Amino acid sequence: MPNIFDEYHPLTGKIFRILDENGVLHEEHAPKFSLEELRGFYRWIIFSRVADQKALNLQRQGRMGTYAPVLGQEGIQIGAASAMQPQDWLFPSYRELAASMIRGLPLANIYLYWMGNEEGSRIPEGVNIFPISVPVGTHPLHAVGAAWASKLRREKIVVVCFFGDGATSEGDFHEALNFAGVFKTPNVFICQNNQYAISVPFSRQSSSPTIAQKAIAYGFDGIRVDGNDIFASYVASKAAIDKARSGGGPTFIEAVTFRLGAHTTADDPRRYRTDAEVEEWRKREPLVRFEKYLREKRIIDDGFAAQVKSEAERAVEETVTQVEAVPSHTPNDVFAYMFSEMPQNLKEQLALLNESLSVKREILFGDTMRHGVPE
Amino acid sequence: MPNIFDEYHPLTGKIFRILDENGVLHEEHAPKFSLEELRGFYRWIIFSRVADQKALNLQRQGRMGTYAPVLGQEGIQIGAASAMQPQDWLFPSYRELAASMIRGLPLANIYLYWMGNEEGSRIPEGVNIFPISVPVGTHPLHAVGAAWASKLRREKIVVVCFFGDGATSEGDFHEALNFAGVFKTPNVFICQNNQYAISVPFSRQSSSPTIAQKAIAYGFDGIRVDGNDIFASYVASKAAIDKARSGGGPTFIEAVTFRLGAHTTADDPRRYRTDAEVEEWRKREPLVRFEKYLREKRIIDDGFAAQVKSEAERAVEETVTQVEAVPSHTPNDVFAYMFSEMPQNLKEQLALLNESLSVKREILFGDTMRHGVPE
Amino acid sequence: MVSPNRQPFAPNRILIICHEEGGRIVAELNLVEAVNAAMREEMERDSRVMILGEDVGRAGGVFRATEGLQKLFGEDRVVDTPLSESGIVGTAIGLAAFGMRPIAEIQFMGFIYPAFDQIISHAGRMRNRTRGRFSVPLVVRTPYGGGIHAPEHHSESTEAIFAHTPGIKVVIPSNPYDAKGLLIAAIRDPDPVIFLEPARIYRSIKGEVPEGDYTVPIGKATVAREGESVTLIAWGAMLHVALEAIEALTDEGIDVELIDLRTISPLDSDTIIESVKKTGRVVVVHEAPKTCGLGAEIIALINEKAFLNLSAPPGRVTGFDTIIPLPKGEHLYLPTPERIISAVRQVMEY
Amino acid sequence: MVSPNRQPFAPNRILIICHEEGGRIVAELNLVEAVNAAMREEMERDSRVMILGEDVGRAGGVFRATEGLQKLFGEDRVVDTPLSESGIVGTAIGLAAFGMRPIAEIQFMGFIYPAFDQIISHAGRMRNRTRGRFSVPLVVRTPYGGGIHAPEHHSESTEAIFAHTPGIKVVIPSNPYDAKGLLIAAIRDPDPVIFLEPARIYRSIKGEVPEGDYTVPIGKATVAREGESVTLIAWGAMLHVALEAIEALTDEGIDVELIDLRTISPLDSDTIIESVKKTGRVVVVHEAPKTCGLGAEIIALINEKAFLNLSAPPGRVTGFDTIIPLPKGEHLYLPTPERIISAVRQVMEY
Ligand SMILES: Cc1ncc(C[n+]2csc(CCOP(=O)(O)OP(=O)(O)O)c2C)c(N)n1
Ligand SMILES: Cc1ncc(C[n+]2csc(CCOP(=O)(O)OP(=O)(O)O)c2C)c(N)n1
Ligand SMILES: [Mg+2]
Ligand SMILES: [Mg+2]
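Residue numbers (the working numbering), protein chains in the order written: chain A, 992 to 1366; chain B, 992 to 1366; chain C, -13 to 336; chain D, -13 to 336.
I should point out that these hints are in silico values taken from the structure, not numbers from a laboratory. All values derive from a computational prediction rather than experimental measurement. Accuracy of the hints is not assured; some may be wrong.
Stated by the list, open to error - Okay, the calculated beta carbon distance ranges per label pair:
#1 B:D1011 <-> D:D62: 48 to 54 Å
#2 B:E1271 <-> A:V1015: 57 to 63 Å
#3 D:D32 <-> A:E1116: 19 to 25 Å
#4 C:K264 <-> B:M1333: 27 to 33 Å
#5 D:G54 <-> B:T1321: 43 to 49 Å
#6 B:E1308 <-> D:E197: 49 to 55 Å
#7 D:E197 <-> A:P1022: 55 to 61 Å
#8 A:G1238 <-> B:V1015: 28 to 34 Å
#9 B:Q1076 <-> C:G118: 23 to 29 Å
#10 D:D32 <-> B:Q1076: 58 to 64 Å
#11 D:D62 <-> A:Q1078: 17 to 23 Å
#12 A:A1297 <-> D:D62: 38 to 44 Å
#13 D:D62 <-> A:N1048: 48 to 54 Å
Think of the CB as a built atom: it goes at the ideal place given N, C-alpha and C, for glycine as much as any other residue.
Use the sequences and the hints to build the structure in full.
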């Protein structure tokens, strides 16, 4: 196989694409997937969309807090997560529902998290995912540290880190990529360039024409990939992961995609982008082309699609029932995880809280203060 | 003139040089200086060296605190500072004695600063220099803000900012260059790559083969310049400054040079570099080749050199006398500049301090605590 | 004309003195609208004033604090920046030192820390460092505090860190009138001001806000309710939790004096000490973690200046030394009227 | 064997109790050597322990705290990093969460702020965020404090900011014995510890330090000198300024009890309260700015737990709410024995 990182060097201006927006497969770098694998990808994308839409519905009904939808970005997430080995680690930001589910994170965790329940980030043992990181651009450093630990122990574990176009403006992004370059850590950095950081278009984020070329500053490979193309996303991620595993150091992938929905449920995207722009991107979104390809190749049909959809809906409904039965926080939950052993001051404060709650509530917590517009 | 930024694009691997280490001038991009200008450069480099050496002597005698010598880095400093217009601003880090003097900063300020007297940073009105910035990599942001203000007011002022190779690893460096790119501010960023950040060689600072190529991440020109060559330094700086003034946005200059002395008077460079390495660089240092050139062209002779040296020595001695007569701090000096108007708490604390000083000293401030090894 | 005794927020029997300095009432505004009005008027008045931050332009800010301002003043003066807090504050320091009057918005206080170095190492030191040659007339605005059911890092209340930082002022309004007057004062202040806006009451608290020019002085607390039995000290959203507690306490015959600090750095010790000298009892309320919170400083100050006047140990009702929980748990963390009531009772019964 | 009553630093009539837990005295070490010994021994014992920071390898640290360690343990375990504080702490968080025991050196406390976001937003929250699934056994070491005649930003003492930050511990040794024992405890601690080393006494204070394994418990203060008249509370370099003051005060017949906090977060309130209950008088000394410094917290704590025992308002001797001046002025800023003496006298005469 020719080295795609040389062929698609960022300064060539080329974008790595295998399945184009019309569902046409370009053979050159095309991966060989089994039918089962292809159907599996389809299942994940549908599952992700059903879960995503359900979260939006729950939010509208007041059953979930602020939620950040993934719609439109499943291509790179499914491609990259599928290219990982079981022992590898995923470091998500906050919009990686599809990637996280593929890596084995129960949807219940994701729902609990956005419902504002601390249990959401209690990642089950054996699921190699780091928790959601809200401060933008800060977690690539953790991913570098994790990969560094793997390298020091000669474990052959690769760490894949997701973040957005906005994240590339943060100092921590720079320090992370710079460390990765210096220590040649087994990292794959995946920037989902979904064109906007909330309302801010990439043109205002940086005057670098591509994000991929930022890799040049750190002395390792960068590549621009069509993030709505599962195949190209898979192949590029796989190449980067293999390289990292074999000691070739980090790779930076710019996955060009588009967030079809709002930034979060608190955002109104019509303030900053036109319907025409969204429609343009809708034509290029990952499911349309992939489904076209699968149907044309007769890998799936209506019956299969209907079955996958209803399976997904059932599973999601079950998850909702399950998470809505999870009890709310107790005072102990607030204090118990601050340190491995609770220090005296926290014990005293916990006792005070318990005492104050046991006192008969003489006046109710007033309703005068309704919150503003959270992000 | 051909565009040197295209000709010397960082990924070509070329370094921009006009006067080579043997004192041979390469005509292609050579600037046309008058004899007076050339003698002026010579004067500055000698002045800088005499002042620098005096500071080291004073430090050894306990008459000055920690000092960061400039020896070896005068090429880029003289070249760049000479390319600036009077209305332009210089943002130094802490090793820019030569550049600062050319911009009109009295040596007295520099000495006072390193003697630990607050008066050192009271930049005289009319001298367009921002104060020394100790936290590495933090001041390029201020330089961008200043240039942005100039742009907003359509003032045609260019802001030139100096920092070291180590500074490029800081998040603030990244954020500064990124802002400059986005807002197309009239900035020239000059990275003095003197090969080391204290003991850390550049190879450990970043795996980017050149520093100049970091500009590619920000969408503007970068160039690698022989920073020991006053001519190339001048020409590249001038091109960048002219471009910035005419609305062409920022430029990043990597000036390749070497710190011949210690990081500061508290540093022992033999811990981290060999004499052979230093000797190698000593052959390429800025004065040797420049003096060779001037003497071969009979622009200066022994008599001139001796005269410049003794003038410099006299001026430096006068400065020492002057600064050693500056009184030490009073309590008021500690409080007076915190805010434009002193708030109540500070008034009370100042009164307390004055009171405590007025009390007869019953015991002396013990000598048990002698300081460690400051940086 | 504004009556100095008018009541910009709800509960009866509460006296709010607004330091009114002219102007005409035009509207009942909420706090975020008052903030918006202050910036709009100052930008009209002074062409050096500009706003920079994430999503402040096109989108008008995630809380709509800058709504409409980019349309009015253009993209040069209301600037959507890269996602880069240190970049925002660091360039604003340069802008301020070079003649502009930047207002930097940090989207939430939980994201101010990347800019902390620029604030503590440069904004707060430039005047002193240069013996007054350069100064940094900068306002950093940011929503802060809990109770808005937001994700992690969106409910921070670390004002004490800034109060401990020399060379900067820290201002926190609790109502729309003060928000506008304090923000105008902050914009005109020749030194850096951290302006913390209690997100929880951005929309819930309305009040009459005069149109046009007035300032509320930085560095002056206000007695929001006069009382004889005990001094309650609060700021920001906690003022309103305190007011709820006061309603119940008043029914019990406890006559609470409520101080709204408004500026937490520098502290208005005169107003605090005067009140404590009268009441002899004091409870401080804040949502920040307890240890090394501002409550501690206030108590230490009272010890220094009114020790003999104390009839009981000063009380603190605070957040805990834990992380403020996600929405399902934040009611357990934030001070409640009940916790204030029991702290006041304890101080009264001492 | 180490005598528990031996005196690791000079002044006579001063009782220092070292919580000794075995080991054999091999050398008089200064504080920086003790720090070095702790790291060396822990790296020998536990292959997960590693050091990263600026100039810690080849050069052995600007204060020589890591001298010789890279030679002993190799470049993988004693790592010269890029000049990048957030990078150092941020990658160390990842290393710690993934099984290593990183010790991150920040060259001076004045340069820790770029890493502050990583500390407050991640190091201190990871265990809580993930309900114990991930934790961050990280030590961040940094020299701190004034009195070393260093350039701007090299004399910072902002420990209160870290004490206000939930989820981290903050430790400050005042002598070589404690430095080694506390640092070993910090390295073994399953949670993040900020380890502040008073640069001023790196070399001036020597003491007997046992070779081999011992720990000084985190979270426990020590009574450095027993006394009956007044409690003086200090930590780090200020302990020695307090000791100088105590010499003079003892001559005046004032019998001072001196508490060395050693850990400032979490605070050992038992030791503080017990002492104040005995003496009824207290002065806290710190070089950090006064407002919202740790002194305030200690006084508030005493108010809460020993109010009726107080015979005088607690005193504070602190840095001022200004920038610590450059070398020519720092003597004006830092607490002196004189200022402590007069504060103690004031408390005694109350
Ligand atoms: C440090 C920091 N600053 C600001 C925010 C508020 N915020 C949350 S998401 C977001 C935009 C992120 O954009 P991008 O990185 O492109 O990711 P996307 O949301 O598009 O997936 C902002 C500004 C934050 N979470 N963290
Ligand atoms: C933020 C920060 N971290 C650490 C230091 C300590 N320090 C001072 S100079 C220096 C090395 C700087 O190297 P470089 O940027 O290459 O400049 P040079 O000294 O070589 O001119 C370091 C680590 C500092 N001043 N600021
Ligand atoms: Mg985005
Ligand atoms: Mg250097």
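Find the hints from earlier in the document that the structure breaks and name them by number, from lowest to highest.
1, 8, 12
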